[in-house]
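Q: Sequence:
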Amino acid sequence: MDKYIEKSENMPTAEEVCSTFNLVDVPIEYSDTDLQNLITYKEFQQHVRPFLSKENPKVPISKLMMLVAAKWREFSEVNPYLQKDEQSDSNDNNSKSSTLKDNETTM
Numbered sequence: 001m002d003k004y005i006e007k008s009e010n011m012p013t014a015e016e017v018c019s020t021f022n023l024v025d026v027p028i029e030y031s032d033t034d035l036q037n038l039i040t041y042k043e044f045q046q047h048v049r050p051f052l053s054k055e056n057p058k059v060p061i062s063k064l065m066m067l068v069a070a071k072w073r074e075f076s077e078v079n080p081y082l083q084k085d086e087q088s089d090s091n092d093n094n095s096k097s098s099t100l101k102d103n104e105t106t107m
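Quick note: the sequence shown uses UniProt numbering, first residue 1, plus one each step.
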């Protein structure tokens, strides 16, 4: 888990991506419904990409997707529904891990 946190801290922010590639950073407002429904990267990028494309015409898709990824990282930090899911996933992984260890010792 610590490696994941370190890795995401080294990733560029949306502001950094925009300044590096001369992109327009589009502020996006999220409703509570958006926060509840946009819980996968695929759903998020399908929602956000049209807004970013509109303000950044003729930008190569690879650069635009770097901005989408940066927006996702920022979005996932503030989305309480994602944090709850990540915590429960972490708890599930911990319980699976201890179950595996228990099984190994009994074998």
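Because the hints were derived from the structure by calculation, they are not lab data.
Careful, some of the hints might be misleading.
[What the hints assert, rightly or not] As a list, the in silico DSS-like pairs of lysine-lysine whose alpha-carbon atoms are at most 25 Å apart: (1) Lys58 / Lys42; (2) Lys42 / Lys54; (3) Lys63 / Lys42.
[What the hints assert, rightly or not] DEER-style ranges, computed between Cβ atoms: (4) Ser62 / Asp32: 14 to 24 Å; (5) Gln83 / Pro60: 11 to 21 Å; (6) Pro60 / Pro80: 28 to 38 Å.
All residues carry an ideal CB built from backbone N, CA and C; glycine is no exception.
Q: So if I understand the rule, the pair passes when the alpha-carbon distance is 25 Å or less; does Lys63 with Lys42 pass?
A: holds (17 Å)
Q: At the C-beta level, are Pro60 and Pro80 separated by a distance inside 28 to 38 Å?
A: holds (34 Å)
Q: Regarding the pair Lys58 and Lys42, is the alpha-carbon distance no greater than 25 Å?
A: Measuring from Cα to Cα gives roughly 22 Å; hence the hint holds.
Q: Between Lys42 and Lys54, does the CA-CA distance stay at or below 25 Å?
A: Roughly 19 Å between the alpha carbons, so the hint for Lys42 and Lys54 holds.
Q: State, for the Cβ atoms of Ser62 and Asp32, whether the hinted interval 14 to 24 Å holds or is violated.
A: Since the Cβ atoms of Ser62 and Asp32 sit about 32 Å apart, the hinted range of 14 to 24 Å is violated.
Q: Is the gap between the beta carbons of Gln83 and Pro60 within 11 to 21 Å?
A: violated (32 Å)
The structure does not agree with the numbered hints 4, 5 stated previously, though it agrees with the rest.
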